[in-house]
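Undergrad: Chain by chain, the residues:
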Amino acid sequence: MWFKDMLDVSGKELRKVLSDSGVLVFFIIVPLFYPLLYAYLYGREVVREVPVVVVDECRSATSREFLRKSDATPDLKIISYCADMEEARNLIHRHKAYGLIHIPAEFERTLADGRQATVNLYCDMSGLLYYKALLSGCTMVSLDMNRDIQMERLSGMSDWEKDVMTMPIENEYVTMFNPANGFQAFLIPAVLILVLQQTLILGVCMLAGTENERRRAGSLILGAEYSNPITVLGGKALAYLLVYGFTATYVLCFVPWLFNMPQLWQLPTLVAFIVPFLLASIFFAISISFFIRDRESCFLLFVFVSVPLIFMSGISWPTSNMPVFWRVVAQIFPSTHAINGFARIGTSGALLQDVRYECIGLWIQSAVYFMTSLIIYERMYRSDKMPGAEFVISVRAKVRKNIRVAKREIKAKLQN
Amino acid sequence: MNKDHGFWAIIRREVRRMYSRPLYGLSIFFAPLFCYIFFTTLMGEGLPQGLPAGVVDEDNTAVSRSILRNLDSYQQTEIIKQYANFAEAREAMQKNEIYGFFYIPKGTQELASTQRQPRISIYTNATYLIPSSLLYRDMKTMAVMASAAVGREVLYARGANLDQAMGFLQPIQMDMRALGNPWLNYNVYLSNTMLPAVLVLMVLMVTCFSIHTELKDDTAREWMEMANDNVFKAVSAKLFPQTMVFSLMALVYLVLLYGVLGFPDNNGFWPMLLAAEMLILASQGFAVFIASAIPSLRWSLSLCTLWGVLSIPISGFSFPVMGMPPALQGLSYLFPLRYYFLIYVDQALNGVDMVFSAWFYLALLGFMILPLVDIGMLRKAAHNYTYLI
Chain A
454 MWFKDMLDVS GKELRKVLSD SGVLVFFIIV PLFYPLLYAY LYGREVVREV PVVVVDECRS
514 ATSREFLRKS DATPDLKIIS YCADMEEARN LIHRHKAYGL IHIPAEFERT LADGRQATVN
574 LYCDMSGLLY YKALLSGCTM VSLDMNRDIQ MERLSGMSDW EKDVMTMPIE NEYVTMFNPA
634 NGFQAFLIPA VLILVLQQTL ILGVCMLAGT ENERRRAGSL ILGAEYSNPI TVLGGKALAY
694 LLVYGFTATY VLCFVPWLFN MPQLWQLPTL VAFIVPFLLA SIFFAISISF FIRDRESCFL
754 LFVFVSVPLI FMSGISWPTS NMPVFWRVVA QIFPSTHAIN GFARIGTSGA LLQDVRYECI
814 GLWIQSAVYF MTSLIIYERM YRSDKMPGAE FVISVRAKVR KNIRVAKREI KAKLQN
Chain B
94 MNKDHGFWAI IRREVRRMYS RPLYGLSIFF APLFCYIFFT TLMGEGLPQG LPAGVVDEDN
154 TAVSRSILRN LDSYQQTEII KQYANFAEAR EAMQKNEIYG FFYIPKGTQE LASTQRQPRI
214 SIYTNATYLI PSSLLYRDMK TMAVMASAAV GREVLYARGA NLDQAMGFLQ PIQMDMRALG
274 NPWLNYNVYL SNTMLPAVLV LMVLMVTCFS IHTELKDDTA REWMEMANDN VFKAVSAKLF
334 PQTMVFSLMA LVYLVLLYGV LGFPDNNGFW PMLLAAEMLI LASQGFAVFI ASAIPSLRWS
394 LSLCTLWGVL SIPISGFSFP VMGMPPALQG LSYLFPLRYY FLIYVDQALN GVDMVFSAWF
454 YLALLGFMIL PLVDIGMLRK AAHNYTYLI
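Quick note, the sequences are listed as chains A and B, same order. The numbers in the first sequence follow our numbering, run straight up by one, and end at 869. The numbers in the second sequence follow our numbering, run straight up by one, and end at 482.
Source of the hints: derived by calculation from the structure; they are not laboratory data. A portion of the hints provided could be inaccurate.
[Claimed, not checked] Within a straight-line C-alpha distance of at most 20 Å, the following computed EDC-like cross-link-like pairs (lysine to aspartate or glutamate) qualify:
| # | chain 1 | residue 1 | chain 2 | residue 2 |
| --- | --- | --- | --- | --- |
| 1 | A | K864 | B | D268 |
| 2 | A | K860 | B | E315 |
| 3 | A | K864 | B | E315 |
| 4 | A | K851 | B | D310 |
| 5 | A | K530 | B | E318 |
| 6 | A | K854 | B | D311 |
| 7 | A | K860 | B | E318 |
| 8 | A | K866 | B | D268 |
| 9 | B | K309 | A | D747 |
| 10 | B | K309 | A | E623 |
| 11 | B | K199 | A | E623 |
| 12 | A | K860 | B | D268 |
| 13 | A | K585 | B | E315 |
| 14 | B | K326 | B | D358 |
| 15 | B | K233 | A | E625 |
| 16 | A | K854 | B | D268 |
| 17 | B | K233 | A | D458 |
| 18 | A | K864 | B | E318 |
| 19 | A | K866 | B | E318 |
[To be verified] What the simulated footprint calls covered on chain A by chain B, stretch by stretch (three residues with Cβ under 8 Å from a Cβ of chain B suffice, anywhere in the stretch; the number is not a length):
| # | region |
| --- | --- |
| 20 | 540 to 550 |
| 21 | 579 to 592 |
| 22 | 699 to 713 |
| 23 | 774 to 784 |
For every residue, glycine included, the Cβ atom is placed at its ideal position computed from N, Cα and C.
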């Protein structure tokens with residue numbers, strides 16, 4: 454019975470996973486703690502109270518009002534009133550402050566003349582969030598003060614008339630789905646998906662590396678006794694799917710809940726989307742794992758890929774502005790579709806029909822990587838299934854070992 | 094002196110080892126090079142242009158159409174579609190067709206012309222933070238301008254000239270100057286730290302891996318013997334060829350960023366070259382420290398990997414360190430990349446005197462001599478180590 458064989462393989466693979474502490478690190482420990490660390494890191498969502506310095510050359514009631522109000526915004530915190538630009542610059546160079554508000558001497562006089570007065574802002578560009586804080590903080594204050602100034606000048610009108618005069622069309626701003634407009638709700642969904650895919654790849658590759666090391670030492674690969682490769686691959690995939698069912702539930706549901714992140718998903722949509730993602734990742738991992746020769750080399754080959762993968766998904770730099778070449782390359786990896794889909798399902802409450810494109814993409818990837826893993830498995834390990842393969846492999850390993858020993862002896866003799 | 098012993102012999106042996114495994118080539122050359130090309134071409138535009146946005150115009154009048162026309166004239170925003178109602182636009186946002194939309198309710202013109210303050214709304218999808226923030230800036234300006242346009246007409250009618258009108262409509266204006274990166278170029282902002290970050294990750298992993306494979310493959314005794322049991326000599330000779338290749342890779346990204354792409358580098362090439370060189374040595378030092386302290390390939394490699402990956406967010410170039418929880422703020426001092434980032438801000442971006450960055454260079458120096466603490470343990474491990482699966 455092929456089904457029983459499959460369960461059999463699955464059970465053996467599962468036992469192998471559970472008895473290998475290295476693999477358990479990838480399958481359990483990393484997914485357990487890494488998302489917590491990241492979510493904690495971005496937990497405050499935005500930067501508040503960015504330290505700035507002030508050079509007030511006007512020293513008037515209006516300029517002091519402007520500065521007082523800036524200091525009162527949640528974005529900014531004035532740490533020093535400097536005598537001149539030199540002193541202010543010094544503080545910025547010492548990383549004590551990240552921005553400078555400069556109010557020129559003619560500020561109040563210009564206002565009194567009824568002309569436009571300028572406040573100069575200088576921003577340290579080591580982080581774009583400083584720029585955002587300085588600009589939005591000061592803009593808020595200036596809008597507020599502009600209204601007051603206008604109101605004063607319009608004496609003799611009714612309040613309603615003043616309102617209309619100062620703001621004929623009002624506007625409001627709504628950031629949908631990420632109410633704090635912050636880093637956590639934007640970056641963490643991508644990190645969560647990536648953690649699942651990358652730990653799967655690393656774990657599966659480590660298992661394959663171990664198997665390859667053992668094979669070189671003379672033992673048979675797992676599943677060699679089954680003639681049908683589909684049962685072997687299916688059994689392995691089933692084992693990984695079982696483990697990742699738990700891991701994914703923890704990573705995708707528990708972590709966002711723990712950190713109060715937006716969670717607008719509906720269960721059927723989430724399940725229908727994550728299953729093809731896991732399948733695609735599993736077969737992708739199995740396909741790659743055939744080329745891994747020993748346990749630890751997967752670190753060097755796959756960890757760095759995580760960094761470009763986050764960017765390929767378009768969660769940070771918009772997909773619409775990527776070069777076509779990278780958009781095509783991005784289609785290779787399950788994470789691209791999964792990050793886009795999960796971010797929209799989880800954060801913006803999209804339904805399955807809204808992520809149709811990504812979902813179909815994941816099913817196609819699952820099918821393609823299943824085929825590639827099947828083909829590679831057949832080509833590489835066909836010899837292991839011949840009658841008497843066990844004998845051939847053990848002889849091969851013994852010969853290799855003898856050659857190594859002989860080489861070392863010859864070398865030692867030459868040295869003497 | 095036997096010619097199979099000593100510094101040069103170990104170097105020759107290491108070069109042979111590096112040649113014999115494609116893994117080294119892939120992780121020393123290919124991985125950083127791939128990331129260099131990836132990041133600099135991915136964000137080649139600098140600042141995203143023509144971000145897709147939508148509009149819901151329930152008013153459909155001269156006023157609303159003029160708002161839309163003006164909005165489309167912004168370089169960063171491209172109105173790709175007009176939606177019939179709010180729900181349709183929201184769905185388009187959930188499908189990722191647009192990053193934001195303008196909502197102009199019915200009766201906007203009527204209310205505006207009878208001076209009864211209509212309200213228009215801006216919606217952006219902050220799931221995609223960067224396009225959302227950029228769209229917001231354009232849309233907000235547009236909304237304010239639309240409002241000002243109406244107010245200006247009223248003032249003109251009362252006999253004011255342009256100067257007086259602007260003086261009334263916007264008495265205080267902001268003049269924002271972005272020091273060092275006036276274009277708000279994302280490529281400058283990210284690539285300057287992303288490229289060295291990938292290099293650091295690879296240095297940490299390769300250093301740790303190459304030391305511990307000696308133990309795993311049972312060649313460590315031979316290696317120590319070649320150095321006459323002098324662990325300093327053994328380690329420094331072994332890492333020397335790697336240092337050379339990594340230095341070359343550092344030179345490649347420096348030339349790429351500051352030469353080819355012309356990113357701001359105010360204090361010239363040498364301070365950054367010094368920083369990059371010291372960053373590589375500091376990372377190697379840190380990796381040797383970890384490799385000696387934890388006598389297991391798997392665990393020390395795991396820790397080095399964690400350090401390499403974590404150094405990207407914790408160096409604070411995307412999300413500032415001051416916004417992190419205090420515990421992590423303290424932890425950020427333990428990452429070489431953090432100091433490199435601070436040096437880059439001082440030397441390349443802001444062009445301040447070297448004196449201001451002296452501490453950061455010294456910190457990197459500290460990482461370089463860190464192995465002195467525990468390298469003796471490596472010698473012990475090399476003599477009596479057995480690999481366990």
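Undergrad: Take the hints in turn and mark each one as holding or not.
TA: Verification of the hints:
no. : hint            : result
1   : A:K864 / B:D268 : 75 Å, violated
2   : A:K860 / B:E315 : 15 Å, holds
3   : A:K864 / B:E315 : 13 Å, holds
4   : A:K851 / B:D310 : 17 Å, holds
5   : A:K530 / B:E318 : 61 Å, violated
6   : A:K854 / B:D311 : 14 Å, holds
7   : A:K860 / B:E318 : 19 Å, holds
8   : A:K866 / B:D268 : 80 Å, violated
9   : B:K309 / A:D747 : 11 Å, holds
10  : B:K309 / A:E623 : 70 Å, violated
11  : B:K199 / A:E623 : 14 Å, holds
12  : A:K860 / B:D268 : 75 Å, violated
13  : A:K585 / B:E315 : 58 Å, violated
14  : B:K326 / B:D358 : 37 Å, violated
15  : B:K233 / A:E625 : 9 Å, holds
16  : A:K854 / B:D268 : 75 Å, violated
17  : B:K233 / A:D458 : 63 Å, violated
18  : A:K864 / B:E318 : 15 Å, holds
19  : A:K866 / B:E318 : 17 Å, holds
20  : 540 to 550      : holds (count 4)
21  : 579 to 592      : holds (count 11)
22  : 699 to 713      : violated (count 0)
23  : 774 to 784      : holds (count 5)
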